[in-house]
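Asker: Each chain, written out:
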Amino acid sequence: MNRRKFLQDISMWSAGLLLSPPIFNITPGLFASSKKIKLVVAEGMNYDSLVKELLEPLGGLSTFVNPGKSVVIKPNMGWDRNPDQAANTHPLIVKSIVNLALEAGASKVMVFDRPCNEERRCHYNSGIRPELEKIKDKRLKCVYIDDRKFIPVTIKRGQSLREWAFYKDALEADCYINVPIAKHHSLAKLTLGLKNIMGVIGGSRGKIHKNMGQNLADLNTVIKPALTIIDATRILLRNGPSGGNLKDVKRMDTLIASSDTVAADAYATTLFNLKPGEIGSTVAAHKSGLGEMNLSKMDIIKV
Amino acid sequence: MNIKPPYLIKHILRLSCQVICLVVFLILFRLTDYRGTDEIGWAVNVLFRMDPLSALTAMLASKEFIILFIPALILVVLTMIFGRFFCGWICPLGTLLDFFGKYVRCSNKKIVGVRYIKYILLTVIIVGAVFGLQLSGFFDPFSILVRSFAFSIDPVFNYVTCLIFDSIYLHGPESLSNLTEPFYDSLKQTLLPFRQSLFALSFLCFGMLLAIFLLEKITRRFWCRNLCPLGGMLALLSLGAFVRRVPAKTCKDCHDCAEICPMDAFGDDGRLKNEECTLCLECISKCPLKISSFKVGRPKKKISFDLNKRFFIKWSIAGAVIPLVSRVSIAQKIERPFLLRPPGVKNEQEFLAKCVRCGECMKVCIKNALQPAFMESGFEGMFTPHLVPRLGYCEFNCTLCGQVCPSNAIKRLDVKEKQSFMIGLAVFDKDRCLPFAKDESCIVCEEHCPTYDKAIKFKEVRVLNKSKKEIMIKQPYVIDDLCIGCGICENVCPLKGNAAIRVIRQKN
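As given, the protein sequences belong to chains H and D, one line each in that order.
The numbering of the first sequence is our numbering, which starts it at 10 and goes up by one.
The numbering of the second sequence is our numbering, which starts it at 13 and goes up by one.
In case anyone wonders, no lab produced these hints; they're calculated from the structure.
For clarity, every value in this text was computed on a predicted model and none was experimentally measured.
Watch out, some of these pointers could steer you wrong.
List time: in silico DSBU-like cross-link candidates among lysine-lysine, alpha-carbon distance up to 30 Å [unchecked claim]:
| hint | chain 1 | residue 1 | chain 2 | residue 2 |
| --- | --- | --- | --- | --- |
| 1 | H | K296 | D | K478 |
| 2 | H | K284 | D | K229 |
| 3 | D | K486 | H | K198 |
| 4 | D | K450 | H | K216 |
| 5 | H | K165 | D | K114 |
| 6 | D | K450 | H | K296 |
| 7 | H | K198 | H | K78 |
Not the full set, but computed from the structure, chain H residues with beta-carbon under 7 Å of chain D [to be verified]:
| hint | residue |
| --- | --- |
| 8 | E127 |
| 9 | N248 |
| 10 | N254 |
Each residue gets a CB set at the ideal place from its N, CA and C atoms; glycine is no exception.
Let's have the full structure, built from the sequences with the hints guiding it.
Answerer: This is how it looks when you write it as structure tokens:
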């Protein structure tokens, strides 16, 4: 074997590897079957300390956030609604996660969402920006979406979507933490962790609604959160996803955390007295090998 | 320039007053935006609230006393005492002409016989207002100024700045953009508007201001001397002002004052016309003998004025006829289904009477949804705001337009009132709406509908799709009693071109 042959072989083999995406499809499934996915559920009235308690069984946030790494925290702050109306992630929950990430030594913590209502009103009325402004740390950046940063991504494992624009900061984050609120959604039935990815994509999001379940699964093959924390401190039972009426809000004082978004979604579904199988995106994502939806196959820890 | 102390101090005093007022104007302009609270503190509407022309015409046309215009009364009183100081010391348009007119100017020709045009405009506008037609917005200097700033200058300023930084960011080396981006960020938080706004009539509104600047080519302050109806109004008010120049006439051997007067306020006989003097003090600063000054004098017994009653009667008739012409325009009868007025506007006639076309509601609209009308509501409705849902919708919790309106044409609503105020009614076009026309699931409109009890609901229907397969689909419909016509449904409808749901104006 001469040098030329060696290089040829190398390039052939590596090209072969690159051209074989199905391998990636199988891997998560294999992991899931060999090892039970951990899911933590925490209940408590003190939202300041609840996140910390929630993450303890998973080893604390520092298992996910390594010192010097960049962190993106993606809450739902897409609606011009106040915290009581349960359309956005609770500001105190976001704040605690930010604080923990800063403590873990993150080099940069970014918080953003592409909103449905006017962005400034969402940031302020959701209570998230005012709450984060109290943290005087230069590493924290609660930013408005910058349209220049949407870059087209080929969705290699997409079954329904082939290409979509994603937010650069979300793609480049060393650690992406998904912090949705659990609420009713007229078309998707519920909006949970998988649907929260809609806040980091560009383009005309209305088009996602056709074949939504599979589309969401496809989008979630691009960004895999290191951790999903579902805020079910208050859940919205009707008139979602925007809500507004306090009568539609049920207080649950619950948080759910898992490194598997599908598992977290599956568990959160039960809070609405629904079955994971009823949610299109959960089923589609599970089929695509993104995670576990069968509650009996999870290691559920309650704190 | 040959100015010596103590006259220099007076010169500087006026100059700094002009600069301060201009800067305050620009700051107020920038502050006319959402800044994290539902209530807006200061806005550029103070300029209009102290504008006696807007005040008088809005009140005459609507036959209603508008309390917001109290500051205008103060300006009236001050003008009756001091004369037309406003034009020389405060007016931001006058200041801009003083500062930037010199780049246009090439001569200082004497133009005779056009000075009275401002009185014609003033008479026509005021008499027109008595007969219910609001014309001040076409000629009021603040309306022209703020509109051109809001619709063209500010958006272009933002566009150019962003273009520079964006091209560095997108195409330049990263080392360079790492330097420019922090600077860009701080600019965004200070000098630049929050977003790039787009406006209808940006060309026209810019052109109107440009024309005023180009007129400087003929003489200094051509607009202020000859055309400005507000200037004309203040001129009439200052006929008997107490503060006057001494001596009233130019000296026999020296006519420097008359030569340098930016307002050309000295008559052929060398006498200063009080109503034309803006107290700019230039004649004093530059007086070679230093004998002239401004002093408080007793009220004049006889007020001399070039124009007579006949002049005003003649033009009053014209002012009365123009509203009649607008009465026979088709605008009176035609239904304009897509002419949506801002929340707080109940009666179209009253709105047209009160609206001074200042453009502030459109400037402050956080979704860039309010746009100036061109002919959508007839000639008399030009520059009035209307909602264009495809561009932006009316944000459910936002009440800013009513807060900045200087004439109460858009009523100030509290959040609760606003949330139930009906702007229009959303109507589906089932021939195009995806769940009806294409058997595709969508209901993006329902998802965004902001009313607490959603005005758009859906029913689940079993349909046969194109491949003869039976599927369940959610088909949306509107509950008329709940819809407020905010237009978010029309805004987010994923169809290309016109939306499959459109907000239609209801009769008022």
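Asker: Now, for every hint given, state plainly whether the structure supports it.
Answerer: Consistency of the hints with the structure:
Straight-line distance between C-alpha atoms of K296 (chain H) and K478 (chain D) comes to about 27 Å, which keeps the hinted pair within the 30 Å bound. Distance check on the hinted pair: K284 (chain H) and K229 (chain D) sit about 77 Å apart at the alpha-carbon level, beyond 30 Å; violated. For the hint linking K486 (chain D) to K198 (chain H), the alpha-carbon distance of about 12 Å falls within 30 Å, and the restraint holds. Among the hinted pairs, K450 (chain D) with K216 (chain H) is consistent with the structure: their alpha-carbon atoms are about 13 Å apart, no more than 30 Å.
Simply put, K165 (chain H) and K114 (chain D) have alpha-carbon atoms about 63 Å apart, too far for the 30 Å limit, and the pair is violated. Taken as a hint, the K450 (chain D) and K296 (chain H) pair is honoured in the structure, with Cα atoms around 27 Å apart against an allowance of 30 Å. The hinted pair formed by K198 (chain H) and K78 (chain H) fails the criterion: a straight-line CA distance of about 36 Å is larger than 30 Å. Given the 7 Å rule on beta carbons, the hint for E127 (chain H) holds: about 5 Å separates it from the nearest Cβ of chain D.
With its C-beta approaching chain D no nearer than about 6 Å, N248 (chain H) sits inside the 7 Å limit, and its interface hint holds. For N254 (chain H), the suggested interface contact is upheld, since its CB lies about 4 Å from the closest CB of chain D, less than 7 Å.
Hint violations for this structure: numbers 2, 5, 7, all remaining hints satisfied.
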